[in-house]
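*Asks:* Protein chains in written order, with this note's numbering: chain F, 1 to 426; chain R, 1001 to 1085.
One or more hints might be untrue.
Claimed, not checked - Within a straight-line C-alpha distance of at most 27 Å, the following computed DSSO-like cross-link-like pairs (lysine-lysine) qualify:
(1) F:Lys-77 to R:Lys-1056
(2) R:Lys-1033 to F:Lys-74
(3) F:Lys-77 to R:Lys-1003
(4) F:Lys-391 to F:Lys-403
(5) R:Lys-1081 to F:Lys-77
(6) F:Lys-79 to R:Lys-1011
(7) R:Lys-1012 to F:Lys-79
The set of hints was computed from the structure by calculation and includes no laboratory data.
On a predicted model such as this, the values are computed, not experimentally measured, just so you know.
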Amino acid sequence: MRTNNVVGVTGMGIVSAIGDSLASFSDSLKRGTSGIRHNESAARPKPSVNIVSAIRDFVFLEKLGKLKNIPEEKLTKAKRLGLRAPFVIQTSILSALQAWEQASLFDNPPLASRIALIIAGQNSTQNHQYGLISAFRENPEYLSPRYALEFLETNQVGVLSELFGIEGEGLVVGGASATGNVGLIKGHQLVESGMVDLCLVVGVVAELSPLDIQGFINIGAMGGKAYIDKATEACRPFDTNHEGFIYGQASAAIIIEATSSSSLRNVLPLAEIGGGIIVLDGNSSANPSKNGELKAMTGALLKARLSVTDIDYINTHGSSSPLGDKTEAAAILKLLGAHTPNVWLNATKGLTGHCLYSAGMVEAIATILQMKEGFLHPNKNLNEPIDKKLKFCGDKFVKYKVKAALSTSFGFGGINTCIVIKRGNF
Amino acid sequence: MSKEYVFEAVKKVILEVLPHVEPEIITIDKQLKDVGANSIDRMEIVTMSMQALELKLSLMSFAGVSNIEGLVDVLEETLAKKEID
Chain F
1 MRTNNVVGVT GMGIVSAIGD SLASFSDSLK RGTSGIRHNE SAARPKPSVN
51 IVSAIRDFVF LEKLGKLKNI PEEKLTKAKR LGLRAPFVIQ TSILSALQAW
101 EQASLFDNPP LASRIALIIA GQNSTQNHQY GLISAFRENP EYLSPRYALE
151 FLETNQVGVL SELFGIEGEG LVVGGASATG NVGLIKGHQL VESGMVDLCL
201 VVGVVAELSP LDIQGFINIG AMGGKAYIDK ATEACRPFDT NHEGFIYGQA
251 SAAIIIEATS SSSLRNVLPL AEIGGGIIVL DGNSSANPSK NGELKAMTGA
301 LLKARLSVTD IDYINTHGSS SPLGDKTEAA AILKLLGAHT PNVWLNATKG
351 LTGHCLYSAG MVEAIATILQ MKEGFLHPNK NLNEPIDKKL KFCGDKFVKY
401 KVKAALSTSF GFGGINTCIV IKRGNF
Chain R
1001 MSKEYVFEAV KKVILEVLPH VEPEIITIDK QLKDVGANSI DRMEIVTMSM
1051 QALELKLSLM SFAGVSNIEG LVDVLEETLA KKEID
């Protein structure tokens, strides 16, 4: 369905390893500050690679207290819903509150039935469950009755809809490492089609259990093995010495809203979402496909009614995986052709690690912050690019005003996604 | 173990489940919903109270309970039986 609705982003929020507000996250992007470090984890057994861009020293009430301009009644509600909730829920509450505040939605929001909620996340309670297993084996009778609510991914839908009074559609979407983009694409569709005025999309923290981490190591996807004593060098998207992805944590929230709705509150969008698409390879395995990635990028451009030459920046998937980076570089070269020298590229995962379910959301936020503030963040550890034709940012930030960007995310199971973000005429 | 001891254990659990509640308002004659506990909170308070007192009872044992005192009584009786055994 194609309508004339212009769809903007009116609010964003983030809790990550390199910033728990848009300002601190943006500052880290500019400085090229990475959150990737050796992780002192109490988890047992210890994963054989323990390099993570983790959200560290997290205390829910402290973070809640730092948020500005949140009405007292909402703070009380957030405390009640979040105080005893799992870490993943707490971070979702914090990023969503930031986004809601930036979009000025505490006063005069659209009708509750015209607001949708999409949780972009899957398997987010894995580590919570892993932590309960040994006590459960001893005394199953003492398992908290709350567990039956909490192990369901839709608990996020319940908590956030109660916090914000959302009564439109509410759902959970998954797409492996492309989950964040899947959420943004479905949210865009809901708003563009006119089914709702506004959609809150929340990308949830991937809180991996030791089991999940070992699984990623054993399948050969997670890097860090050659960098055990050099954690800060482990994540190197598009560098010849890349070795695999480095795991990161972030919760990210984005308000997607029709400009016909935001204009009623005199709120100017931060950027415009041109749209995006999801394309499958028909592949149950982990390997990427140049053709699938190309189809996602060309399809997203078509959806946004743009041509390749309108694009001047790509926020790459760039996961630091040798096969992934190589495949993506080839797909981008094929897409851009003669336009290649005009398009800047960087990989946010070099700073944030691979935030898995929320990665696409984190990267959309990074794209919009760069667009708004006129810079492009450095590429960490990109000493010898695997391709010399592509215009990668170097180790310092670049002053540049992006006009139109692509942001790509690709996931296991042949899931290819791409979204278009434009500065827009606001 | 006295009834007061069991009540104190239950009260501690209530405050853990409902941290915003003022301790003074939790009196033994009240119903859990009077102190702000919803249905999930109430089930959690029962489970956590059992755990605090190292008791294992089926949730059916609490079927006739209508207030905090009823809960304390069931727990205390079971505790007393356990001590005799």
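*Asks:* Indicate, hint by hint, whether the structure satisfies it.
*Replies:* Taking the hints in turn, this is what the structure says about them:
Our distance criterion of 27 Å between C-alpha atoms is broken by Lys-77 of chain F and Lys-1056 of chain R, whose separation comes to about 33 Å. Note on Lys-1033 of chain R and Lys-74 of chain F: the hinted pairing holds, with a Cα-Cα distance of about 22 Å set against a maximum of 27 Å. At most 27 Å may separate the alpha-carbon atoms for a hinted pair to count; Lys-77 of chain F and Lys-1003 of chain R exceed this at roughly 34 Å. Restraint check for Lys-391 of chain F and Lys-403 of chain F: the C-alpha separation of about 16 Å stays at or below 27 Å, so the hint holds.
At roughly 42 Å between alpha-carbon atoms, Lys-1081 of chain R and Lys-77 of chain F are farther apart than 27 Å, so this suggested pair is violated. Proximity of Lys-79 of chain F to Lys-1011 of chain R is assessed by CA-CA distance (about 21 Å); at most 27 Å being required, the pair is judged to hold. Distance hint between Lys-1012 of chain R and Lys-79 of chain F is fulfilled; the C-alpha atoms sit about 19 Å from each other, no more than 27 Å.
Hint compliance for this structure: hints 1, 3, 5 are not met, and every other hint is.
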